[in-house]
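Visitor: Next come the chains, spelled out residue by residue.
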Amino acid sequence: MSSYKVPQNLLYTETHEWVEAINGEIRVGITDYAQSKLGDVVYVELPPTGKKFNKGEKVCEIESVKTVAEIYAPVTGVITEVNEKLSDAPELVNEDPYGEGWIFKMSVEDPSQLNTLLPPEKYVELQEEE
Amino acid sequence: MRRSPLDPLHRELSATFTSFSGYVLPLYYSSIVKEHLTVRDRVGIFDVSHMGRIRVSGESATDFLNYVTANDVEKLYDGKMQYSLILNESGGIKDDITVYRLSSNDYILVVNAANREKILDWLLLKKDPWGDISIIDVTDDSSMFAIQGPYSKMVYEEYFSASFNLKRFHFWNGTDPETGQAQIIVSRSGYTGEDGFEMIMFTKDKMLMMRSFKTLLSIINSYEGLPCGLGARDSLRLEAGYCLYGNDIDEDTNPYEASLGWVVKMYKTDFIGKKALENVGEPKRIRTGLVMEDRSIPRRGNTLHVDGDAVGIVTSGGYSPILLKGIGMVYVDTKYSSEETEVYVSVRGRVKKGVIKGFPLYDPERYGFTRKSL
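Chains as they are written, first to last, in the working numbering: chain A, 2 to 131; chain B, 105 to 478.
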């Protein structure tokens, strides 16, 4: 059924963020399904680097022509880098959600929290339920 | 939920759907922004079959319509249409409509989908003193398409094999050239600010409707145009400054505060709402435009502030793909309604800076039916 891309090498949240674990950090963006539901993204509000967020806390907002979506921290950690390109080219979130459209990187305070994230097959199921 | 008679075609075109005024309709086919820009730069086609279509005929149809609408129906002639308002007894807006004169005793009213039953009931309620008047809802026996954008002219000329010499707000009625069967009304009008035409097709046969839409679409595609959904229809009308009933105007809005005073012809002997409007006085608030300076999209219900005082409210908000900024339609205290007034908009608890602007919000020399060149 689902025609949305769900890469096998990533983890997912119930709030439609994707998470890539790399060298003790994670890189976060929104899924293909999420960008499609949002429609044309026009503003991405990037979080300040160095700021700590608890798992599930709102990190930033993405605004599309139609609506506003909040992005939540998939785990507890500190923002280490943000994708500055999105300030001038927010459409990257639509065009390449898993690549050029990544939003921020953060440290992982407690690696066991990664186990609470959804594997690809569970995320596909979640999409189909919605 | 109602569906357009062209619904199977929208599915074939993989539209993303939304619900609007009791209908399930295409929100977009490709992307709202892309469709919006295509209409401003090229041409797009919209299925607007959900709009209500009511036929009013009878000996005293002109007098009756002159009484139930605020504009001057006597100014119309065969093949001429006008924008008008149906007011309640308190001068509030029941609907904003277009009135097409087929002949002095035969008219079509195009009303908002959400108001279709309400207006039909209202007309039936008011018709008795006017003798033999027939009021028929013909919405379900017809469809309506809008072809909008600077290349509409080429599309028209190809589809009808005739030059596009209709004047704005004029129409003709005849036979659809594609099917050779359905009766059509073709007007030079629209809801995007661009040049273009709207076509009402009278038939119960959905296959005929789809055939004509498809042929128009293939011509549009040859001009790098696109099928467009309600998303682009909304952002286009917002840039142009056209009201969306239920958002920007309703039964509690009077035409003067809605900046629609030009529609109301107080010199007419009598019409519903006239007495109330004689006593409304100068408006305290007025409908106008807002362009954000900060990177933010104002949304319906956001409040406007000057020096800490609440001075207005956003009734429609969105994003302008032409200005690359958040824009809005607002009601603002007349003291703060002049162009370039700086206002602060409360958007989800944050204060964002914007300026008051008159409509259209785009440069009318570069875009819209007033543009200087293609």
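Just so you know, the hints here were simulated from the structure itself, not pulled from any lab data.
The beta carbon of each residue, even a glycine, is placed where N, CA and C say it ideally should be.
Where hints are given, some of them may not hold.
Here are the simulated DSS-like pairs of lysine-lysine, each with C-alpha atoms no more than 25 Å apart in a straight line [to be verified]:
(1) B:LYS429 - B:LYS369
(2) B:LYS429 - A:LYS86
(3) A:LYS86 - B:LYS138
To give an idea of the interface, some chain A residues facing chain B are shown, with a C-beta separation under 10 Å as derived from the structure [as the list claims (entries may be wrong)]:
(4) SER37
(5) THR81
(6) GLU82
(7) GLU92
One-sided and incomplete, this derived list gives chain B residues near chain A with beta-carbon spacing under 10 Å [unchecked claim]:
(8) THR122
(9) GLY126
(10) SER339
(11) GLY430
(12) ARG452
Visitor: State for each hint whether it applies.
Guide: Consistency of the hints with the structure:
no.	hint	in the structure
1	B:LYS429 - B:LYS369	violated (36 Å)
2	B:LYS429 - A:LYS86	holds (18 Å)
3	A:LYS86 - B:LYS138	holds (21 Å)
4	SER37	holds (8 Å)
5	THR81	violated (24 Å)
6	GLU82	violated (21 Å)
7	GLU92	holds (8 Å)
8	THR122	holds (9 Å)
9	GLY126	violated (20 Å)
10	SER339	holds (7 Å)
11	GLY430	holds (8 Å)
12	ARG452	holds (7 Å)
Violated hints for the displayed structure, listed by number in ascending order: 1, 5, 6, 9.
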